[in-house]
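For the protein sequence lines, the chains are A and B, in the order given. Residue numbering for the first sequence is 1 to 345, as defined by our numbering. Residue numbering for the second sequence is 346 to 517, as defined by our numbering.
Since the hints were made in silico from the structure, they are not lab data. Hints may contain errors.
Unchecked claim - Straight-line alpha carbon distances no greater than 30 Å define the calculated DSBU-like cross-link-like pairs of lysine-lysine that follow:
id, chain 1, residue 1, chain 2, residue 2
1, A, 326, B, 508
2, A, 147, A, 68
3, A, 64, A, 147
4, A, 64, A, 36
5, A, 147, B, 508
6, A, 68, A, 36
All figures in this text were calculated on a predicted structure; none of them were measured in a lab.
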Amino acid sequence: MNLPIPIFIAASVIKSVIVLFVLLTAIAYSVWLERKVVGRIQNRWGPSRVGPFGLLQPLADGLKFIFKEDLTPPHVYRPLFLAAPMIAMIFALTSISVIPFGNSITVGGYSIPLQITDVNIGLLLILGITSMGVYGVALAGWSSNNKYSLLGGLRASAQMVSYEIALGLSLVGVLIQSGSFSLRTIVDQQGGHFAGFIPRWNFFHGQFIGFFVYLIAAFAETNRIPFDLPEAEGELGAGYHTEYSAMKFAAFFMAEYANMITVGCLATLLFFGGWHGPLFGPPLMQALLPVFWFTVKVVCFIFLYIWVRGTLPRLRYDQLMSFGWKFLLPLAIANLVATAIAVVW
Amino acid sequence: MSLHLILFLLFGAICVAGAVNLLVQRHPINSALSLIAVMAALAGEYLLLGAEFVAAIQVIVYAGAIMVLFVFVIMLLNAGEEEETKGSRVAILFGVPGVLTGAVLTGWVVLRHSGTEPVPIGALPGPPTEIAHLLFHDFLLPFEVTSVLVLIAIMGAVVLATKPEATERKAR
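From just these sequences and the hints, can you work out the full model?
Spelled out as structure tokens, the structure:
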């Protein structure tokens, strides 16, 4: 980091504002994409009235959430009831800060990395932040003072703690291969090709089991179908956010989508080569193409999320727990041992 | 006053305030949350020392995993507010001398080592590679012995948690 301090601060502020704006827009439009795609899967149109293709639907939803009555039930534990959506939201938005979106760009002679901050323990930082995100859900369930909310919160914390282990272990394989916690270094090592045409991504570099373990654990971490037991509407009302209304409810919703995007970014960076992709055209296009490839990969990942949501039914709770502990965890450990042996060989 | 000192004092203040709040709060969940604040502030202090790996592990393991289990148990038992007692005689008999001894010992250690140089940033082994070298090379035996200790604790917990009916059913 050899930038002068004022320029460093200015660049950081500008980057933070842009990333936050893009992230919030992406959250809004992944909700739109989800409604649209799930609509088509179920043979209906999805949002189509507000704007062309229903593209202004997120704006309408946002306005609706702001103007709805914000009800705080009388029996809740008020401080934590108010804090829980904020906790969920803060941790969901913070983890994007160490995600690199592309290589450095050069502005006025200064090389500025396309990332809010490049820390050399980037991956651990993301794991730490996501592990703190459990509190939002758990405290929301507890402070609502409602049996359905409490059950939802308990399920959420048990599920997230269980699958976090498999998630962490599935990433260790990639770490052994790259020998670094820095997301930028991990991506840099995935440039180039095998045999001239297969990209040198970790997914093709022996980590496909690691990727599938990561994928399944990530679905559970973000409480998405088929692992959305914390908010199973058939048995728990709406789970941990039963008692929440208006913008507080929207905060949980946005946190879930922000987590989805973070998990998609992480999968792209660790297993699918980050911003690497074919580069061609004039210099400006060459500078923008890496960010484009990164975005395309993340959107594919989010589409996969929506596809699975439209396809699979929800698991039973005991199936969820035995799958996580008796199948996914041993598989992750086996993958870890195999990778270690292959690297030392 | 440098930024470093300001941050050190800030995290230190959060730490101490969280620790005091932990004792003062009546409701177990508030105490648990104060403990999380203490853990997170400690991670900040580690970061100031340049030990970024230890800081990340502090957040993941203590603030993330262990405290989630604390909160989980409190939620599961639905523990209520604690009752106030009039104070036991044992507490006064042993507690007050204990606190005094502890205070004197701490003061003595601090005074005795007051001449030592402060630790500059990055003086401690921070990067994961160095920590790994320490753990798996220089201190391999103590590290492995600790892991066996943890394993024994886990097995003890499993034995204690197993319901007697379940073992009987298996025996038949």
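Status of each hint after checking the structure:
1. Annotation: proposed proximity of residue 326 of chain A to residue 508 of chain B holds, straight-line Cα distance about 21 Å (limit 30 Å).
2. Under the criterion of a C-alpha separation no larger than 30 Å, the hint pairing residue 147 of chain A with residue 68 of chain A is consistent with the structure, at around 25 Å.
3. For the hint linking residue 64 of chain A to residue 147 of chain A, the alpha-carbon distance of about 28 Å falls within 30 Å, and the restraint holds.
4. At most 30 Å may separate the alpha-carbon atoms for a hinted pair to count; residue 64 of chain A and residue 36 of chain A meet this at roughly 19 Å.
5. Among the hinted pairs, residue 147 of chain A with residue 508 of chain B is consistent with the structure: their alpha-carbon atoms are about 26 Å apart, no more than 30 Å.
6. Taking the CA atoms of residue 68 of chain A and residue 36 of chain A, the gap is near 24 Å; set against the 30 Å cutoff, the hint holds.
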